[in-house]
Amino acid sequence: MVIAFTNAANVATVLVRDRLIESVGGPVPEGARIVDCAGKHLAPGLIDAGVFVADAAACLAGGITRVVLMPDRTPPLDDPALISWAQRIGKPHVWVHPLAAATRGLEGTELAEIGLCREAGAVGCATGRSGIADAGVMHRLLQYAHGFGMVVVTHAEDEGLAGDAVATEGEFATRMGLPAAPAFAEALRVARDLRLAEATGGALHIRQVTTAESIDLVRDAKARGLPVTCGVTPAHFLLNEQSVSGYRSFARLSPPLRHDDDRRAVIAGLADGTIDVIASGHDPRTQEDKRLPFADAAPGMTGAETLLALALTLTNEGVILDTVLAAMTSAPARIFGLPGGTVAPGAAADLIVFDAQAPWRIDADASVASAGNTPFDGLAVQGRVTMTVKGGDIVWSA
Amino acid sequence: MTVSASHPDFAAAGVHPFPHRHLLGVADLAPWQALYLLDEAERWIGQPAARDTLAGLTVINAFFENSTRTLLSFEIAGKRLGADVVNMTVGTSSVKKGETLLDTALTLNAMHPDAIVIRHQAAGAVELIAAKVDCPVLNAGDGRHEHPTQALLDALTIRRRKGRIEGLTVAICGDILHSRVARSNFVLLSNLGAQVRAVAPPTLLGTDLERMGAEVFTSMDEGLDGADVVMMLRLQRERMTGAYIPSPREYFRFHGLTAARLAKARPDVLVMHPGPMNRGVEIATEVADDIARSAITEQVEMGVAVRMACLDVLTRSRRGVAGW
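From first to last, the protein sequence lines stand for chains E and L.
If you count the first sequence from 1, position 280 lands on 280 in the working numbering, and the numbers rise without skipping.
If you count the second sequence from 1, position 40 lands on 438 in the working numbering, and the numbers rise without skipping.
Keep in mind that the hints were calculated from the coordinates and are not lab data.
One thing to keep in mind: the hints can contain errors.
Claimed, not checked - Just so you have them, the derived chain E footprint on chain L, three or more residues with Cβ under 8 Å:
no., segment
1, 497-507
2, 542-549
3, 605-618
4, 703-716
Ideal placement from N, C-alpha and C gives every residue a C-beta, glycine not left out.
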């Protein structure tokens, strides 16, 4: 099928043929299906770098055409057979790019077969929901992964300081009586991992940086030319610790929500490019996991459907649209070596059309995700995907 | 802030004296509402049982965490008012069989109790249950969060012994980090006009206590200096052996309440402890048994009166008491 994405004035026609983008700015051939994008944006299909479940329905509705899947499954993705299986779970519409478990069983002690996993299709390896406590193991992991040119995706929280904490230390957590860890538990781990990355030359991607201090550390490391990248989810630039009030377990996240100063630092980090990636962290949880006292509830939130709209709120905070979109397209494509993430001749025809102004209200009950555990239920947002194209096929439209 | 020790005339002011459905925490109470409960409690002190008050009403004590004295206190309070009191404790409940907290809540609710008293090890658990049941819920302690009846009984004890709360210096000493008693007391006593101090080794203090109205000390001698009331907290045995402090004897040496240390406080100092005490760990026997200064057994007595008042006030609308 040949599709021409164009606007009324035909100023920037994008022509798609045979699963690839054929031309940008060229003429529209006879017989092409014309998609009028007037008043809307045409963008690369979103790449969601760090989900726990490949939730195809939610992804397509959210304009996500590729996901980078975390290895935290049952069993963990620490075996090449599991990687090749995981790669197929979203096809044809959503392509799943799995991350191999960095250590066997994600236990943080023995290196997993990440080389074989890479051959099976893993786009990197990850320490999972938690980090690796032992600096020796982490050092060897970075060395070993570097040998295969694999990026190591980490979770930054010092286990000793974090303990059983479910909140960030401070007045609010004290009043709530919640077990809390100091925010510097994150910076401490970021500092260690940056030093290890520097020592080994291995590429490090910190999946979530959520405090001013750790963002500063990453900023400095980048200035020194270290191969480090990092990401964040919308929760940490839209919510602060106060969202935990009433013990709402949908706001139980890992890392926990931070002070407002940190939230603003995340926005600044996105604006200046210190933070490369915005990911949904999509992690559907059942009622059984969430309808519990706050500290007993499982961490995590859904987010695939709401990723674009929540990310677009940054354009009201002084982050330019190109930067916001890059954090969900070209940046993850670059870090994980994925096709797509760009609108250029020869690139995969993964595209979305979205209306950046369209207002809507996030409604957990109306969600097509496999669970509705979003802390953003009821929030009024702007920006809605109207069409999702995967490999030249229109796979979803509003 | 200073608050009059007697509550205003609510009826004349057109104000409901206690417009709360549940008692989840002292943080929800305006100062005059807390004082109203204290006045109501005062009515029950030394009085014979009034079994017609809650006659025919069912009170469930649902204790998901072990407790002896609080459970007993609530049970006696309910029985003195004539309620049918039933206790559900972890050992005997289906919680052990894997039932979720909310299912337990719905089960209890379906038995149509007139009040449920809940203790749970997780902060916020009582609030979670309160949202799912049709009757008043009393928080008997949730995690490190709140223990409102304890703070109220402490306030009542202080008020009876000292004649006032406002302007007093109250030193709360010990494992503040893990203590719901300390949190509820910081909020309530500072709302009622006391100067509250937090005295603990740095590892047991917690953060931002100043923001809860407390003045923070890590030295016992400094923290006790000039105090009108010293409230000791229990130190859990599992926290004494290296996790938060090196040993019980080192703790006693620096943070135990001895007669010599108590001499830093005012001569008429009142010594309190929510119990159960670890004699020789946080408090010396000579201090605990000092009849002139220790209010520890009186606290237990006030506990029953406060819980009677809370059960009475919270069930008034169900009982059709005029004006409620």
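To see whether the hints hold, each was checked on the structure:
no.: 1; hint: 497-507; result: holds (count 3)
no.: 2; hint: 542-549; result: holds (count 3)
no.: 3; hint: 605-618; result: holds (count 5)
no.: 4; hint: 703-716; result: violated (count 0)
Consistency note: the structure conflicts with earlier hint 4 alone.
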